[in-house]
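**Q** Sequence:
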Amino acid sequence: MRSLLIAPALLSVALATPVMMGNFTVDSGKSVQSTEVGNVRAGMLALSCVTNRLEVSFKPQIKLPAAATQTVTYRFDDSAVVSERWNLGPFQSTLFLPNNLTRRFLTLGADADSLTVRVTDAGNSARQFNFSVASFRDAIQTLPCSAAYGFTPTPVGVPSSRVTKAGAVIDVNMAFISPTEFVKAFGGTFQPEGAALAWEYNGIKLLLQKGSTTVQSVYDNRSITLLRPATEVSSRTAVPASLVSAFSCKVVGVTKPSDTTVKIGCGAGQTYEEQDLPRY
Numbered sequence: 019m020r021s022l023l024i025a026p027a028l029l030s031v032a033l034a035t036p037v038m039m040g041n042f043t044v045d046s047g048k049s050v051q052s053t054e055v056g057n058v059r060a061g062m063l064a065l066s067c068v069t070n071r072l073e074v075s076f077k078p079q080i081k082l083p084a085a086a087t088q089t090v091t092y093r094f095d096d097s098a099v100v101s102e103r104w105n106l107g108p109f110q111s112t113l114f115l116p117n118n119l120t121r122r123f124l125t126l127g128a129d130a131d132s133l134t135v136r137v138t139d140a141g142n143s144a145r146q147f148n149f150s151v152a153s154f155r156d157a158i159q160t161l162p163c164s165a166a167y168g169f170t171p172t173p174v175g176v177p178s179s180r181v182t183k184a185g186a187v188i189d190v191n192m193a194f195i196s197p198t199e200f201v202k203a204f205g206g207t208f209q210p211e212g213a214a215l216a217w218e219y220n221g222i223k224l225l226l227q228k229g230s231t232t233v234q235s236v237y238d239n240r241s242i243t244l245l246r247p248a249t250e251v252s253s254r255t256a257v258p259a260s261l262v263s264a265f266s267c268k269v270v271g272v273t274k275p276s277d278t279t280v281k282i283g284c285g286a287g288q289t290y291e292e293q294d295l296p297r298y
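First residue of the sequence shown: 19, per our numbering; consecutive thereafter.
Misleading hints may appear alongside valid ones.
Pairs of lysine to any residue residues, derived as SDA-like cross-links and limited to a Cα-Cα distance of at most 25 Å, are as follows [what the hints assert, rightly or not]:
(1) Lys281 - Ser235
(2) Lys81 - Asp96
(3) Lys223 - Lys274
(4) Lys274 - Phe123
(5) Lys274 - Arg71
Between beta-carbon pairs, the in silico distance windows are [to be verified]:
(6) Asn148 - Phe114: 18 to 24 Å
(7) Gln209 - Arg121: 44 to 50 Å
(8) Ala86 - Gln209: 57 to 63 Å
(9) Asn239 - Leu119: 41 to 47 Å
If you are wondering where the hints come from, they were derived from the structure by calculation, not from laboratory data. Since the model is a prediction, treat every value here as computed from it, not as a measurement. Glycine is no exception: its CB is placed at the ideal position from the N, C-alpha and C atoms.
Could you build all of it, start to finish, from the sequences and the hints given here?
**A** Given below as structure tokens:
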């Protein structure tokens, strides 16, 4: 089985382990997972390839009713609310979207930023789960079976179409930012350290190298694998914008191919702020 999981991931360096793609964790074309933010018993949404069929499942981490099918209500961004009957899986812990409804779910969510899911628990209480799904389209396309639903599969690690003319962005399908510009906007430091470059912010210190997809998080001894290597553009180091999630920041919204800036959000509550950074 190949699966796609969505989560605020802490990622490892091996190819067989997840890499970052916006707010998603992508497991080398096998899985993508998103774990709900801000909920102690966080729900999890997963997409998996079962032969040539894409399977959507939702694990709410609550006790569900014993009924074989249950009502799931969901909404992407501000689109119309969808209410459907999903199938209850083994152990009464996971709900599965019926196969004939998969295409609609993917079409509605492909370019969305948020997903709200509502279910009723075994005590007949309504529960709501909130997911950030920016980069959903990119994540879907890492799954080979996505072709059957109108998507063009792009294996993890294989660069998408690049714009090569002078002054254009590095990749029309992926936003890059400069750590130097990030530091100007949000604070922190970015400077050489031995043979690496050290980017420090919000109590997190990352070591990266140009031409490498491997990033080391020093203080918690993590390894993060980027989908594209750090590079240099116009004498500036540039990295995939999704790396800011290592600092508990995020890419706000969807960066379109024609965009020249990337909106980054950092902080929480009254300290939250957003800044538009130059796109590379």
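**Q** Does each hint fit the structure? Answer for all of them.
**A** Here is how each hint holds up against the structure:
As the CA atoms of lysine 281 and serine 235 are separated by approximately 23 Å, the hinted pair is consistent with the 25 Å bound. A C-alpha spacing of about 28 Å is found between lysine 81 and aspartate 96, which places the hinted pair above 25 Å, so the restraint is violated. Straight-line distance between C-alpha atoms of lysine 223 and lysine 274 comes to about 29 Å, which puts the hinted pair past the 25 Å bound. A distance of roughly 21 Å separates the Cα atoms of lysine 274 and phenylalanine 123; the hinted pair therefore holds under the 25 Å criterion.
Proximity of lysine 274 to arginine 71 is assessed by CA-CA distance (about 29 Å); at most 25 Å being required, the pair is judged violated. Separated by about 21 Å at the C-beta atoms, asparagine 148 and phenylalanine 114 satisfy the suggested range of 18 to 24 Å. Between glutamine 209 and arginine 121 the beta carbon distance is about 49 Å. The supplied range of 44 to 50 Å therefore holds. In this structure the hint that alanine 86 and glutamine 209 lie 57 to 63 Å apart at CB holds, the actual value being about 59 Å.
Checked against the hint of 41 to 47 Å, the C-beta distance between asparagine 239 and leucine 119 comes to roughly 42 Å, which is consistent with it.
The structure fails to meet hints 2, 3 and 5 from the earlier list, while all remaining hints are met.
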